[in-house]
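Peer 1: Chains as they are written, first to last, in the numbering used here: chain A, 743 to 876; chain B, 743 to 876; chain C, 743 to 876; chain D, 743 to 876.
Keep in mind that a hint or two might mislead.
Derived CB-CB ranges, DEER-like [said to hold, decoys possible]:
(1) C/868 with D/825: 41 to 51 Å
(2) B/793 with A/861: 46 to 56 Å
(3) C/823 with D/868: 39 to 49 Å
(4) D/874 with A/861: 50 to 60 Å
(5) A/807 with C/792: 38 to 48 Å
(6) D/874 with C/856: 46 to 56 Å
(7) B/873 with A/811: 34 to 44 Å
(8) B/825 with C/831: 49 to 59 Å
(9) A/815 with D/872: 21 to 31 Å
(10) C/794 with A/807: 41 to 51 Å
Computed from the model, here is a short list of chain D residues facing chain B with C-beta under 8 Å [unchecked claim]:
(11) 754
(12) 755
(13) 757
(14) 758
(15) 759
(16) 761
Hints were generated in silico from the structure; no laboratory data involved.
Just so you know, even glycine gets a beta-carbon here, dropped at the ideal spot from N, CA and C.
4 protein chains.
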Amino acid sequence: MYTHQIQLRVRYAETDQMGYVYYGNYASYFEVARVETLRACGITYRELEERGVMLPVRDFQIRYHRPARYDDALDITTTITELPSTRIRFEYQTHLNGELINTAMTDLVFVDRESGRPKRCPEDVLQLLQVHFH
Amino acid sequence: MYTHQIQLRVRYAETDQMGYVYYGNYASYFEVARVETLRACGITYRELEERGVMLPVRDFQIRYHRPARYDDALDITTTITELPSTRIRFEYQTHLNGELINTAMTDLVFVDRESGRPKRCPEDVLQLLQVHFH
Amino acid sequence: MYTHQIQLRVRYAETDQMGYVYYGNYASYFEVARVETLRACGITYRELEERGVMLPVRDFQIRYHRPARYDDALDITTTITELPSTRIRFEYQTHLNGELINTAMTDLVFVDRESGRPKRCPEDVLQLLQVHFH
Amino acid sequence: MYTHQIQLRVRYAETDQMGYVYYGNYASYFEVARVETLRACGITYRELEERGVMLPVRDFQIRYHRPARYDDALDITTTITELPSTRIRFEYQTHLNGELINTAMTDLVFVDRESGRPKRCPEDVLQLLQVHFH
Numbered sequence: 743m744y745t746h747q748i749q750l751r752v753r754y755a756e757t758d759q760m761g762y763v764y765y766g767n768y769a770s771y772f773e774v775a776r777v778e779t780l781r782a783c784g785i786t787y788r789e790l791e792e793r794g795v796m797l798p799v800r801d802f803q804i805r806y807h808r809p810a811r812y813d814d815a816l817d818i819t820t821t822i823t824e825l826p827s828t829r830i831r832f833e834y835q836t837h838l839n840g841e842l843i844n845t846a847m848t849d850l851v852f853v854d855r856e857s858g859r860p861k862r863c864p865e866d867v868l869q870l871l872q873v874h875f876h
Numbered sequence: 743m744y745t746h747q748i749q750l751r752v753r754y755a756e757t758d759q760m761g762y763v764y765y766g767n768y769a770s771y772f773e774v775a776r777v778e779t780l781r782a783c784g785i786t787y788r789e790l791e792e793r794g795v796m797l798p799v800r801d802f803q804i805r806y807h808r809p810a811r812y813d814d815a816l817d818i819t820t821t822i823t824e825l826p827s828t829r830i831r832f833e834y835q836t837h838l839n840g841e842l843i844n845t846a847m848t849d850l851v852f853v854d855r856e857s858g859r860p861k862r863c864p865e866d867v868l869q870l871l872q873v874h875f876h
Numbered sequence: 743m744y745t746h747q748i749q750l751r752v753r754y755a756e757t758d759q760m761g762y763v764y765y766g767n768y769a770s771y772f773e774v775a776r777v778e779t780l781r782a783c784g785i786t787y788r789e790l791e792e793r794g795v796m797l798p799v800r801d802f803q804i805r806y807h808r809p810a811r812y813d814d815a816l817d818i819t820t821t822i823t824e825l826p827s828t829r830i831r832f833e834y835q836t837h838l839n840g841e842l843i844n845t846a847m848t849d850l851v852f853v854d855r856e857s858g859r860p861k862r863c864p865e866d867v868l869q870l871l872q873v874h875f876h
Numbered sequence: 743m744y745t746h747q748i749q750l751r752v753r754y755a756e757t758d759q760m761g762y763v764y765y766g767n768y769a770s771y772f773e774v775a776r777v778e779t780l781r782a783c784g785i786t787y788r789e790l791e792e793r794g795v796m797l798p799v800r801d802f803q804i805r806y807h808r809p810a811r812y813d814d815a816l817d818i819t820t821t822i823t824e825l826p827s828t829r830i831r832f833e834y835q836t837h838l839n840g841e842l843i844n845t846a847m848t849d850l851v852f853v854d855r856e857s858g859r860p861k862r863c864p865e866d867v868l869q870l871l872q873v874h875f876h
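With the hints as constraints, model all of the structure from the sequences given.
Peer 2: As structure tokens, then:
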């Protein structure tokens, strides 16, 4: 299990007329959260793509507990619960000043860009993650 | 059960560098889909809000089967599976030329704007929906 | 001179907490407007890109006169003022029920995808536009 | 004249299928840039709005020199060129590793939320800015 935390400040563009963060915008917050989680393990998503490995999202689930608002500094905790196979799961918790805003999870699949087919997680990526799972 | 279909064309802004519709953008497609589904029943979401009834999303789940691309004309089928109580559920299927792109569901809750508290679905809304449920 | 009009309905996702369409979202409305303007002339932007011709925006200017709101059905009038060379200019006017919302213009440049360099407007595109300029 | 610099990392959601930052997304980068510029002067935009002062954008102009890409860490330099009256102008320069990506400017107007009418820049805001203009 590996856990990483980032803080993101809500942009005006991301609010809606209810005065809340629009429900669809958390998807891009979680994208930032998982990319930084990987980076903290020594894995650069940009380089993965340049090597021909893509990671499209297969499943996304989110439960909204409280709204977030403009200029809020959100704490997003990302957890990789198990070592990836052909799939990598991230779980997320968003907090504001200690209060739970939402919980979410995404499943992403490793895909070979050339063939468009699923593939196993590259060996070097696995090794960088394995350090955190004993 | 009430089912309604719309067609949406993918905008360039909605693609990402994989050449696919960014996974977070379907949330706003489904927002359009459910608003048009309500409108087809005689319910205008804009008017609901003006009357002080808000409908924030409580749960959102989506499974991505195939990617959609720029300029694709997506068919989104929205189903209201049961009469709403304090909550209204919408289920979605997105197709492109008959092929399944994704399936999703949202649960929204009726909230009183003044008090910020959950409330029951307004009686007139219920009656407009009831016509389709026998 | 060639003029084309489309209507776009404002999505909830596109509003901000002021209750207005977020100022940055008009860029994607104008993208839809110019793509449909080209389509009305028989030119599909998607096919242009598939042929290796890209049209990145070089300049964008917009003056906001009145705000637009959720669910508003905006009329966007797009004008191609002159035949393109290595550059194509579009001018836009957005109206709501006859009232002016904003005016804008974009300059886009024809770029060869392989070389990344500017190129002249393809001959067949020019011919399809020329019909409307006499 | 007051100048402030921030760094923003490009999100995957903000790219398009050309592999570039979508041209419309810079508007929200500049919103972040000007909010942080004001914050550095001791002015919190969120508080301004809570006091009933809104700052809608009146004019936005941008010239794109080079594209930015996913994961790029962009340096955005924001300049307030003169003391605000009923209007406040921000000028922006975006660089990547010292290379110019784009230049832009926005004019925003002070508006009273209740009346919806233009008003002068509040006195305390003016004083906080004046420190930097001699």
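Peer 1: Run the structure past the numbered hints and jot down the numbers of the failing ones, going up.
Peer 2: none
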